[in-house]
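J.: Order-wise, the sequence lines are chains A and B.
Whatever position you read off the first sequence (first residue = 1), add 6 for this note's numbering.
Whatever position you read off the second sequence (first residue = 1), add 68 for this note's numbering.
Mixed in with the good hints there might be a few duds.
Stated by the list, open to error - Partial pick of chain A residues on the chain B-facing surface, computed with a CB cut under 8 Å:
#, residue
1, R24
2, G147
3, L166
What the hints assert, rightly or not - Computed list of lysine-lysine pairs in PhoX-like fashion (alpha-carbon distance at most 25 Å, straight line):
#, chain 1, residue 1, chain 2, residue 2
4, A, K116, A, K32
5, A, K118, B, K111
6, A, K32, B, K104
7, B, K104, A, K47
8, A, K118, B, K89
9, A, K150, B, K89
10, B, K77, A, K47
11, B, K89, A, K32
As the list claims (entries may be wrong) - Here are some chain B residues pointing at chain A (derived, C-beta under 8 Å):
#, residue
12, K77
13, E97
14, G98
15, L106
If you're looking for bench data, these hints aren't it; they were derived computationally from the structure.
From the three backbone atoms N, C-alpha and C, an ideal C-beta is built for every residue, glycine too.
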Amino acid sequence: MTAADPRDAVLEHIPALRAFARSLTKDAVRADDLVQECMVKAIGNFEKFREGTNLRAWLFTILRNAFYSERRKAVRESEDPEGEIVGALAVKPDHDGRLQMSEFNIAFQKLKAEHREALTLIGALGLSYEEAAEACEVAIGTMKSRTNRARKELAQLMQLDDDKPTELTDSQTLSIVNQSGHM
Amino acid sequence: MPADEPVEKRSDDLIDENLKKAFSETLDEGVPDRFKDLLAQLKQAAPQKPSEEPEK
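Extracted from the complex, chain A is given alone in its bound form (with noise of 0.2 Å):
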């Protein structure tokens, strides 16, 4: 009998474990050699893994533990790679609302590395905050308030947070989300 190589379902992690890296290293590049790295590590150490468990969130830890042990050594001499957060540049919408995926790039990348990891996983690749918690080795409490913490400054740096209740409408919101997929 030829019962499928299970190291062959790795394969179809590899789009959202692309996405997840490039959203670490913020570089397209990079987060392919990311993958790359990941893949060796996780065939070669394969029979550790207890089949049964989440293989998605087993493959996700792999890569972003060898994405900080790597930044680990290259950041040292860098000063407060973490403290970058919340500048002084908020991205405001325009007076018809339009709000630019560029924008919303620009502020995804001013959060918190531990922020923009926890709205990776849970907002855009869908994990749970079980899942999620796993790859990143944390609590599921601390997960959750992570992801609470970097919705909240992402909507601060993306000005959607004001006392006053915004004067987008839900049809307006809708055409700047639209919008932004022209770009």
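With chain A fixed as given, assemble chain B onto it according to the hints.
T.: Chain B only, in chain A's frame:
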């Protein structure tokens, strides 16, 4: 009318839509050959251990 809808909720939705858009390009690219080839190489270098499935 959605005037009563909490601002937070609408802003969360907007954020999620933008997040999905931001990564959709990468996700839509599927699996580049580079990674398919790499998996094939890695599998070849370490053949699957025939332990877990009992022989039929």
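J.: Against this structure, judge whether each hint is valid.
T.: Do the hints match the structure? See the list:
1. A cut of 8 Å between beta carbons decides the hint on R24 (chain A): the least distance to chain B is about 5 Å, and the hint holds.
2. Evaluation of the G147 (chain A) hint against chain B yields a violated restraint, the C-beta minimum of about 19 Å exceeding 8 Å.
3. A cut of 8 Å between beta carbons decides the hint on L166 (chain A): the least distance to chain B is about 4 Å, and the hint holds.
4. For the given pair, K116 (chain A) sits about 11 Å from K32 (chain A) by alpha-carbon distance, which is consistent with the 25 Å threshold.
5. Under the criterion of a C-alpha separation no larger than 25 Å, the hint pairing K118 (chain A) with K111 (chain B) is inconsistent with the structure, at around 37 Å.
6. Between K32 (chain A) and K104 (chain B), the direct Cα distance comes to roughly 23 Å. Compliance with the 25 Å bound is thereby established for this hinted pair.
7. Taking the CA atoms of K104 (chain B) and K47 (chain A), the gap is near 15 Å; set against the 25 Å cutoff, the hint holds.
8. Restraint check: the Cα-Cα separation between K118 (chain A) and K89 (chain B) comes to about 20 Å, which is no more than 25 Å; the hinted pair holds.
9. About 22 Å separates the Cα atoms of K150 (chain A) and K89 (chain B), which keeps this hinted pair within 25 Å; it holds.
10. Distance check on the hinted pair: K77 (chain B) and K47 (chain A) sit about 40 Å apart at the alpha-carbon level, beyond 25 Å; violated.
11. For the suggested pair K89 (chain B) and K32 (chain A), the alpha carbons sit about 16 Å apart, so the restraint of at most 25 Å is met.
12. For K77 (chain B), the suggested interface contact is broken, since its CB lies about 10 Å from the closest CB of chain A, more than 8 Å.
13. Because the beta carbon of E97 (chain B) sits about 7 Å from the nearest beta carbon in chain A, less than 8 Å, this interface hint is met.
14. Interface hint status for G98 (chain B): upheld, as the beta-carbon distance to the closest one in chain A is roughly 6 Å, under 8 Å.
15. Taking 8 Å as the C-beta cut-off, the interface hint given for L106 (chain B) holds, the closest approach to chain A being about 6 Å.
Consistency note: the structure conflicts with the earlier hints numbered 2, 5, 10 and 12.
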